[in-house]
Amino acid sequence: MDVDPKSGIRIRGSGFTLVELLVVIAIIGVLVALLLPAVQSAREAARRSQCSNNMKQIGLALHLHHNSRGDFPVGQVQSHNCWTEPGHGRNARMGWFPPLLEYIEAGNMYDQWRIENDAGTNIQFFSMRDTPVPSFMCPSEVLPTVQPADNGHTEGFRSNYLVCGGDNPWGKHCTKTDITGQPPTGIFHFADKMTMAHITDGTSNTIMAGEVVLPDQSGEIPGGCGWYDHRSTVWEHVHSVAMFVTARPPNSNAADIVGWGCRTSDAAPCICANSGGMTTVRSYHPGGVTITMADASVQFYTDDIDAGIFQALGSRASGDLEGDGIGGGGTNPGGPVR
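According to our numbering, the sequence shown holds residues 245 to 582 in order.
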């Protein structure tokens, strides 16, 4: 302490003592701990808002495609998993993604794809296939959209948003049916193009697109198969993994089923099988997933939604939204697959 030269009285200095400094640091630490969850929540809310906006734009792009061409793009050109049908060649693995590019402010990429396609380039070797497309990327995604597998090969850009193929798992390889033996019930499926007239359940009651999380190319292969994971690949529409089905509720813990090309992980589990293929909607948003309906509205469906109702929403013509598992072509034995 300092001493007053006139009075001789000791005067306390103006600096902090060590104890006071420690108390201030402790208070700041408590405040940071209290504020951090709120900051993280605000950031996630912003990411979810951007995700919703992306899905709204995709819904509008699908409507623009329908308005200008008279139908929605085909889900997948080839059969479920065959290369010998008519049309095998440069477009054998094409699906719904390339035709949408001109409607989502990716006109340059669409034009380049058309140039290379008209020149006979196989879609697998499109020069811009690794280029990210922001409108199809969820800001909450933790993995890069282009991931090389162990052999150095990439499957091109992967999308966090896929279209809906129906309410039932896919049938056996080399078929164009779902597991019931009937044509798929969604707005998007193999070869055939759907129109608004096919959506007899009503556009506000039919799912058109939804979120998925990207598979981890560095994940474990046991339980999976292949060098790389095909799920979410939109430049190679194989094994129907660029379309999801609503046979399971959002963020189901059950593994996706893929014909070939599957690397399982905690966030996106999968197994390989010849029949019953399905990709499930998943997201990093707490509590549910973002969904685009056929009227281009965007909804957030929670994980605890009734599984039967969610399954019925995947069909364009179920005739029943009470969740009894009936899809446009037939009945899913045993009800919804959980």
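These are computed hints drawn from the structure, not numbers from a lab.
Among the clues, some could well be false.
[To be verified] Straight-line C-alpha distance at most 27 Å; calculated DSSO-like pairs for lysine-lysine:
{"hint": "1", "residue 1": "Lys437", "residue 2": "Lys300"}
{"hint": "2", "residue 1": "Lys416", "residue 2": "Lys437"}
{"hint": "3", "residue 1": "Lys437", "residue 2": "Lys420"}
Review point. Between Lys416 and Lys437, does the CA-CA distance stay at or below 27 Å?
Key: It holds: about 21 Å lies between the C-alpha atoms, which stays within 27 Å.
Point to revise | Distance restraint between Lys437 and Lys420, which requires alpha-carbon spacing of 27 Å or less | key: Holds: Lys437 and Lys420 sit about 13 Å apart, inside 27 Å.
Check your understanding: Between Lys437 and Lys300, does the CA-CA distance stay at or below 27 Å?
Key -> 21 Å, holds
Taken one by one, the earlier hints all hold for this structure without exception.
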